[in-house]
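A.B. asks: Let chain A serve as the given structure and place chain B on it in line with the hints.
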Amino acid sequence: MESNIKIYLYVLVMTGVTAAILSTLFNVLEPLQSANREGAKKKAILSSLPDFKSDVDATSVFNARVKTVLLDATGKVIFEQKADTKEGDVKKEMDKLNKRGAGVKYAELVDIDLASEEKFPLEKRIYPVYRFEVEGGKTMQIVSVRGKGLWDKIWGYISLENKEGKWTVANVSFEHKGETPGLGAEIKDSKAFKDLFKGKQLYDETGKYVSVSVVKVPRTKYEVKSISGSTVTSVGVSEMMIRGISYYLPYLETISGKAVTEKNK
Amino acid sequence: MATEIQEKESVLAFGKKERKILIDPINDKNPITVQVLGVCSALAVTSQVYPALIMAIGVTLVTAFSNLVTSALRKTIPNSIRMIIQLLIVAALVQIVEMLLGAFAYSAYEMLSVFIGLIITNCIVMGRLEAYAMANKPWRSFLDGVGNGLGYGFILVVMAIVRELFGKGSFMGWRIMPDAYVVNNLMVLPCASLFLIGIVIWIQRGANRKLIDIS
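Same order as they appear, the protein sequences are chains A and B. Residue 155 in this note's numbering sits at position 81 of the first sequence, with consecutive numbering throughout. Residue 147 in this note's numbering sits at position 124 of the second sequence, with consecutive numbering throughout.
Keep in mind that the hints were calculated from the coordinates and are not lab data. Positions of the beta carbon are idealized from the N, C-alpha and C atoms, including for glycine. Some clues are possibly wrong.
Stated by the list, open to error - Far from chain A, by Cβ distances over 12 Å, these chain B residues were calculated:
| # | residue |
| --- | --- |
| 1 | Asp-51 |
| 2 | Val-59 |
| 3 | Ser-103 |
| 4 | Ile-108 |
| 5 | Leu-124 |
| 6 | Gly-125 |
| 7 | Ala-128 |
| 8 | Ile-220 |
| 9 | Gly-221 |
| 10 | Arg-232 |
As the list claims (entries may be wrong) - Partner residues aside, some chain B positions facing chain A, computed with beta carbon under 10 Å:
| # | residue |
| --- | --- |
| 11 | Leu-66 |
| 12 | Ser-70 |
| 13 | Thr-83 |
| 14 | Pro-101 |
| 15 | Tyr-132 |
| 16 | Asp-202 |
| 17 | Leu-212 |
To be verified - Part of the chain A face toward chain B, derived, beta carbon under 7 Å:
| # | residue |
| --- | --- |
| 18 | Glu-76 |
| 19 | Met-88 |
| 20 | Thr-92 |
| 21 | Gln-107 |
| 22 | Pro-255 |
Chain A extracted, bound-state conformation (with noise of 0.2 Å):
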């Protein structure tokens, strides 16, 4: 039998040696780790577009076309990325945001996501929206939705277009973490799904707020249909896609009244 004194010992030893390695390659891998994950969030905003192509440089695309805006939970505007803006206005930004606490660490505007806004009450979460310029001097509305599926929450980008006044759903990309392979998984698997949001309107015609419910048999066309088989997530999605965009409805509106007024000039 050892004695107690070199079992402490070796232990201590042993637990020092390997920490020593651990945080030594933590170090040198984290950069590439974090550069990682903000292409792979870079690369999920981009595929809510209507052609998004997967095999394209998504980090270089959104960092070129990509300006976002930031909402509190009134809808009102409270930050916006110019093509001006400096680091050093970003940095500030998110060290106000960052003080709300909840032990939420921003560094980027990309890093912001409602994921970790849920962990604040409702009145003081903020809303990211991605503005994507189209060519031709366009641009497009990408807003966060999340929500709750049948095993755990699902989420998703909306990208937005104001076609002819009317705010009208150009694609949907959804996400989730344990929805059913084959059924709930559908929402994010099935492209045919997500093509049954394309060119929806978010207004029905007397001007109410209806967005895109999703039901299993459609009759109007504000209703898409449903996955047979996973009802819970279809539900999920539904509910997501009413109470998910109704948070930038007032920003929607600001923006679509002040190309109104600029075409009346």
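C.D. replies: Positioned in the frame of chain A, the structure of chain B alone reads:
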């Protein structure tokens, strides 16, 4: 003195014995189908070929190097805490694999998510450390780790090929089944791997006479 000379000779040698150590776990002593270790991850990560392949490489690296390190330290490890030390080595290696994947193979890292961390609990790793590395020299232990990792990976990839082909109609993400083929969603669910393992064991026992009397 005599033992020391012998040890020097066996360093990096690759003879009949070493070959057997490396090849045996792929068929005769396969960790999944014969030793029935590491079945849980075989059920979980075999719905597509790419993550299965990455998982196989990850487990092979972990078994090989944890065997190597444990075997190198085997004479110094106090017997009463040997399991804790083994676990420390395995956990550190798994963490290294996780960090490397996060940096260099991000999509696989996302697909495997929690299962990388769960390599720690993969019975093959601890099983080989206790059964082999604690009693053998580093080089042979390393080969034993590689062999067991490959044996595990081989079954994983075979199952993933079948499951992805019938469950998604594709191979490594490329659609190869004709458009008319309706995918079989059952193959994507974890239960499919359970009976696929059964079928693999059946075929293997049918082909390999040596296995028939084992159990």
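A.B. asks: Mind listing which of the numbered hints don't hold for this structure, in increasing order?
C.D. replies: 3, 4, 5, 6, 7, 11, 13 and 16
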